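Undergrad: Could you build the full structure based on these sequences and the hints that come with them?
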Amino acid sequence: MATQSSRAAARLMVAPSVIVLFIWMIVPLAMTIWFSFRIYRLLSPDRTGWAGFRNYAWFFNSPDFWLAISNTLLLVGGVLVITIVLGVLIALLIDQPVWGQGPLRILVISPFFVMPPVAASIWENLFLHPQNGLFAAAAIGVGAQPILFMESYPMASVILIVSWEWLPFATLILLTALQSLSSEQLEAAEMDGASAVNRFRYIVLPHLIRAITVVVLIQTIFLLGIFGEIFTTTQGGPGSASTTLPYMIYKQAVIAKDIGRAAAGGIIAVILANIVAYFLMRSMGKHLDA
Amino acid sequence: MARKVSTRRKLAFTAAAWAVALIIFFPVLWTILTSFKTEASAVASPPEFLGADWTLENYVEVWGRSDYPRFFWNSVVISVGSTLLGLLIAIPAAWSMAFVPGKRTKDLLMWMLSTKMMPAAAVLIPMYLLFQWTGLFDTRIGLVLALMLMNLPVIVWMLYTYFKEIPGEILEAARMDGANLRNEIIYVLTPMAIPGIASTMLLNIILAWNEAFWTITLTTVDAAPLSAFIASFSAPQGLFYAKLSAASTMAIAPILILGWFSQKQLVRGLTFGAVK
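Top line first, the protein sequences correspond to chains U and S. Reading the first sequence from the start, the letters are residues 1 to 290 in my numbering. Reading the second sequence from the start, the letters are residues 291 to 566 in my numbering.
Worth flagging that the hints you see were computed from the coordinates, not collected in a lab. There could be a bad hint or two in this list.
Ranges of calculated distance between the beta carbons of each label pair, as one might list FRET restraints [to be verified]: (1) S:554 with U:254: 38 to 44 Å; (2) S:363 with U:63: 45 to 51 Å; (3) S:424 with U:47: 25 to 31 Å; (4) U:69 with S:477: 51 to 57 Å; (5) S:347 with U:209: 49 to 55 Å.
List time: in silico SDA-like cross-link candidates among lysine to any residue, alpha-carbon distance up to 25 Å [claimed, not checked]: (6) S:554 with U:106; (7) S:554 with U:205; (8) S:300 with U:197; (9) S:454 with U:9; (10) S:554 with S:484; (11) S:554 with S:304; (12) S:300 with U:93; (13) S:554 with S:315; (14) S:454 with S:487; (15) S:454 with S:390.
Sample of chain U residues at the chain S side, in silico, Cβ under 7 Å [claimed, not checked]: (16) 6; (17) 13; (18) 108; (19) 115; (20) 172; (21) 228; (22) 249; (23) 266.
None of these values were measured; they are calculated from a predicted model. Don't be surprised by glycine CBs; every beta carbon is placed ideally from N, CA and C.
TA: In structure tokens:
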């Protein structure tokens, strides 16, 4: 049914999306590349000129850089593992015959609707705060010393907050997938004497692979750029303990006001994201029918 | 689900599932409760549940101290505006990708999604300068454009998965019955596409409402939405918990309620059609 003219029309209909997205991507990228080779400091505007690769060199030589890279990967990996493992367990639980599945879903999805700065500030203040937080009250209640979450465990605290935000997404997608699993298959396996663990391992888990793929793909896209939660809570500290790559770039741009260096960091972040994207798309692409 | 389950087993699972769901929901619930306490009651140790001093004064004070209606209106304009503009551009694209797929359709979709992988912080300065030069800085139209472009890949992809499920045969049947293209679109395709478009719209309003990087960095006063409103409240010390909670509740309530009513469609859309 696709004739020559309908193909041309189709291309015309796709064009606006592709063109605006291309501009949105290429213009800032080109500017960032340009700045990354320039000397461009807002605090000393008289000094201009080419910097060669010095801005890049600064990043690679900075002790914070490798920490920021590992923090970024730790954040993405940690949140993925926590949300998928807990998500599978919670989805299995809700998928059991229970009363009030509708209201349950509403409670579970709620964190997804909370905007990141709100999520970060209620966790930081109402829960993790060492004097007034609920966790501190619980610690005092059992006679323990309150934990200084943001000071002693900054990355773990950020991972906790972000995992809470993304757990609903993982859980509900996994639940949707579970509900399409035929119960006859499970019953047959049960009659044949397969244990609960084996039923999960050989029937449920393979069925969930597509859903897990989707969760990994979508969450990684959002998690690589996580910024607001760190900005609101630890500000990358103490020291640089919870500085991720996006936050390190932000510090160069806004606090150190060195646009050249920030741009070099930006290009490094784009390259890193592309490497992650490449592996992700390659391994996941086949699971998504497009 | 024809499996026979004993009542006791069902009771145990129900209790466990509700316990887990309440733990997940608890931070939201606790914030809402705290917003109705006096400041002293909010930080009382041990924490007060039912015996707290309930009050509405936090809402009165937050309302009086900041221009909530303006932030709220900015959020509405930006999230709805960027979503509608996005749909306008994405519907034809998703449509043709679903009904006239080419060899490169899949690559094109993947490429679109990959544009979202560029960390926003990486392009903060160029974006800031571009917005300054074009006069879009701190304007609602500027944010509408930025968020539309940010979410466009998601919109295209979601619509594509919905449209792809509309069977092509139905079009042929309509054509056999003598429908022309215009009637085909109005009477056959539109009614079938509406649910998909509606849930795409909802999801993107939520994503845009909760966006908190560009909405904070590209605004100062005039166009600042609720994400900026809450950022201005997030340096609390001492007796500030109840007001922070009230401001938080005011920022999330509209979208929380919208989300509750539409959660089924949202989840389905978010799976990008890969999970049935």
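Undergrad: Which numbered hints are broken by the structure, listed smallest first?
TA: The structure conflicts with no hint, since it agrees with every one listed earlier.
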